[in-house]
Amino acid sequence: MLAPYVWLVAFFLVPFLIVLKISLSQTAIAQPPYLPVLDIAAGWQGLADFVSGLSLANYATLLGDDLYLFSYLRSLTVASVATVILVLVGFPIAYAMARAPRRLRPLLVMLIVLPFWTSFLIRVYAWINILQREGLLNQALSALGLIDQPVTWLATDTAVYIGLVYSYLPFMILPLYASLEKLDSTLLEAAADLGCPRWKVFWVVTVPLALPGLGAGALLCFIPIAGEFVIPDLLGGSDTVMIGQTLWTEFFANKDWPVASAVAIVLVTLLVGPIAIYQHIQSRQIEGR
Amino acid sequence: MARSHPLGLAAKPPRGHSPGKPREEKRRQALKNPPSSVVRPKFQLNISRLVRIKERHTDRATLQMRRRFTPGPDCAGEPLVRFAAVTKRFAGVPAVDRLSLDIHQGEFFALLGPSGCGKTTLLRILAGFEAPDEGRVLLAGEDLAAVPPHRRPVNMMFQSYALFPHLTVAGNIAFGLRQDHLPKQEIAARVEEMIALVKLEGLGPRKPDQLSGGQRQRVALARSLAKRPKVLLLDEPMAALDKKLREETQFELMDLQARLGTAFVIVTHDQGEAMTVAHRIAVMDRGEIVQVATPAEIYEQPKSRWVAAFIGDVNLIEGGVVATDAAGAMVEDGGGRRYRVADAGSATVGARVAIALRPEKLRVAPVAAASATAGGENTVRGRVWDIGYLGDVSLYRVRLADGTEMKASLANVTRLVERPIGWDDEVVLTWAPSAAVLLTR
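If you read the sequences in order, they're chains U and F.
So for the first sequence, our numbering puts the first residue at 1; every next one is plus one.
So for the second sequence, our numbering puts the first residue at 1; every next one is plus one.
Hints listed in this document are in silico derivations from the structure and should not be mistaken for laboratory results.
Some clues are possibly wrong.
Stated by the list, open to error - Derived BS3-like pairs: lysine-lysine, alpha-carbon spacing no greater than 30 Å straight-line:
#	chain 1	residue 1	chain 2	residue 2
1	U	200	F	361
2	U	21	U	182
3	F	230	F	207
4	F	184	F	207
5	F	184	U	200
6	U	200	F	207
7	U	200	U	182
8	F	230	F	184
9	F	207	U	182
10	F	407	F	244
11	F	303	F	361
12	F	199	F	244
Remember, predicted model here, so these are calculated numbers, not experimental data.
With the hints as extra help, turn the sequences into a complete structure.
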């Protein structure tokens, strides 16, 4: 019974505390690039020095600078919009999968999961290829006669959304499919028998019963997208700066570990709410079965 | 002791004084003036009276007595449901084949048959979930071809109950009423009525996963009756219940049906269930109806060897008719033995027939005791080679001299230790000429 706690402590709590500590430190041209550093050999005095060296100055910096606030807001907005698009795109696919003939379903699930067998980075680069000025998308649109000038897709919000939706679609589809597959088709017949026309049956029976899967899928997408770095960095422009990119800049460009750590801690704090809701949905689903 | 009814209708004499008559008269009147699709006052009368009556035990006895003496719903009038040459094929194979059937108002009708005979398909065609490839379905004279399932005045109780897991018991029952956009107070009142009808008081706020199987079944029943349909369809409703609960539920269903006056159509593969609850049974085989009759007629006068063998146990003696006269027919079997059957039916001399004999109609006696009647009409000799002890009856399997086997059942009127017949006893089986039926098919 102790093993899960040991695991969590070793691989979550300890790294988290390290990052928290760094966020309370100051930058220094040193190795590691922050002060104070805990010196065990100095004994109790060393510990006292250590604790007195910590401060919340980095958090003040974050709150004071518009750049960070805009980044957070931008991340949450992009995550919300992307999640909505994911629901709209993912629900029909999951529904079709759940209604497909039984022997086809494993094949369909495999097709959804198949992209995971290739590298995530390679797939994002593939999107760069497709969305370039002379890329496949522009070529297809010209061939169809829909445009006469190549459209700029890259370095726009649209490209970021395309990349996000493409990458996170399986995370939306699979929980939703799991929920919809459990739906008993006799419930739909019962609803029709009791006077519900077909379109209404969908909203009154199918959607309420798919809500747990929908909630799980939505949060499973929202939480990672908020901290997403690769897609906005590769596909987005300089006006699409999300918090992940800000964090990267602070860490690698500015070599400012403490501020970067503070950014990370604040991001985790912001996401505590959605994570708690996700946990609540999952535990309700488990006990409901 | 007449009670006056709040709706001002004339009070009826209490039950037990004139069994059957006033109720039957009222039903015949109802048949002459078939109810319109909105029958509220009459049904309100039935249901509110139903809810108030508490002495169930007396009602059941009276009901049973009434059933014995009254012929059931009026089968001479216009049928409520008519299937006209209905055919339904799945992948080219007909599940229902040119089937015609009439179901009458106020009838408890059973569709009985082995698995795959098409009874569930027929039910689903009536409910609207399957469309017939050929033929028509008429409800109160109206062709249902253009009517989708959500607009038919027919409700179904599913085998798996199909309760909505995200709604409470009250929400489930109110579901159909909400689709009709009835006012809120009326919905609430009707839900209360239904909950009282199926005796689930206090369970309104619960969710289906917090109920037992029997309770879920009652919710499904209440939900399907909430809209007061013209016909209630029951798809093997008691398949998931244990024997005791099944018997209780059968009586409750019969009670309910008699009081509500709604036509019930039940699909079952359990003959005992069909015989207990139904006014008339349609025995089906491979998409066709083999016989439609009351339970007594089906048991006592089966139309074919198949029906005779399907319902209960039967002994079939194959033979040819050698003579017919006023006293019945004389049939000679392969071994030269002759048997007399009182009712020759349509059989003529020379026809190949089978004598159908129910096990309980045979008299079994040890050879020594029956020596006086040995050699008389309708007797055979054999050896008991197996006895099935069922508690209340014993089933004797008797092997005759020529190797054929006959089954006889006797009530265990004595304790087991005092049973007069045991294994390997030589016995004589006799039966009256009127006990057997001649089957030409």
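Would you list, in rising numerical order, the hints stated earlier that this structure does not obey? Numbers 1 and 2, in rising order.
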